[in-house]
Amino acid sequence: MKNKTPIQPLTEKDKIQITTRSVIIGLILIPFNSYWILHLSYVWDSNRPTSLALLFNVIFTLIVLIAVNELLYCFNPKLVFSQTELITIYVMLCQASVFAGRDMVQVLIPLMSNGFWYATSENEWSQLFHHHLPPWLVVDDKELLRGFYQGQSTLYLISHISAWIKPILIW
1 MKNKTPIQPL
11 TEKDKIQITT
21 RSVIIGLILI
31 PFNSYWILHL
41 SYVWDSNRPT
51 SLALLFNVIF
61 TLIVLIAVNE
71 LLYCFNPKLV
81 FSQTELITIY
91 VMLCQASVFA
101 GRDMVQVLIP
111 LMSNGFWYAT
121 SENEWSQLFH
131 HHLPPWLVVD
141 DKELLRGFYQ
151 GQSTLYLISH
161 ISAWIKPILI
171 W
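Mapping of the sequence shown onto full-length UniProt numbering: position 70 corresponds to residue 70, and the numbering continues sequentially without gaps.
By construction, these hints were calculated from the structure, which means they are not laboratory data. Ideal placement from N, C-alpha and C gives every residue a C-beta, glycine not left out. Check before you lean on any hint, since a few could be wrong.
Unchecked claim - Derived CB-CB ranges, DEER-like:
| # | residue 1 | residue 2 | range |
| --- | --- | --- | --- |
| 1 | I168 | H132 | 17 to 25 Å |
| 2 | Q127 | G151 | 26 to 34 Å |
| 3 | L108 | F75 | 24 to 32 Å |
| 4 | H130 | P31 | 31 to 39 Å |
| 5 | I18 | G151 | 57 to 65 Å |
| 6 | I170 | I63 | 29 to 37 Å |
| 7 | F129 | I87 | 21 to 29 Å |
| 8 | I168 | A53 | 19 to 27 Å |
| 9 | K142 | L108 | 14 to 22 Å |
| 10 | Y35 | I63 | 14 to 22 Å |
| 11 | L71 | H132 | 49 to 57 Å |
All chains should be modelled from the sequences, with the hints used to inform the complete structure.
Okay, structure coming up:
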C-alpha cells in the first residue's frame, strides 16, 4: 500500500498564513452549518450540537473536508487544503456554531439584563456590581425590561430595539 498524505506538513510559510480561500470556504459553510444547528435544536428538538465540548457538526464537516482533500490529492494535488486552512475553517465553524446554538441565546440574552431586572434593595446588586458592568454590554433600563420580563409588549418598538441592538451586536 502506497503511503500518501493528502494533508501536507506545515511549512514555515503555512504556519502564519491564513489564506483567502480558507476564509471564503468558511464563510460559505457558516450558513449551512448554522441552518443544520437550528434545524437540530429547534425543528427536530433532538441533538444539541453546541452542548458538547467537541461540536460534532463541525467535526463531521471537517471529516467531509478531509475526504474532499483526498479527492483533490488524486486529481490536482496543488488544490489540497493545508493544515492551516483546515484549522481556519474549523475555528470559523466552531465560532459560528456557538452563536447559532441554543445555549448562546438561552443564556446570553437573559444575562444581559438579569442583574438589573432582579436588583432589589435587599440583595444590593446595584451597589455590589452594577458599576462593574459596562453600559454598552448590558440592558439596564428597568422600564424597557418590563416588556421582556412581564410580557404584554413587543420587541418591535424603536425604544426596545435601540436598547437591545448594541449589546447584542457587541456580544
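If any of the earlier hints don't hold here, list their numbers in rising order.
Of the numbered hints given earlier, those the structure breaks are 3, 5 and 7, listed in rising order.
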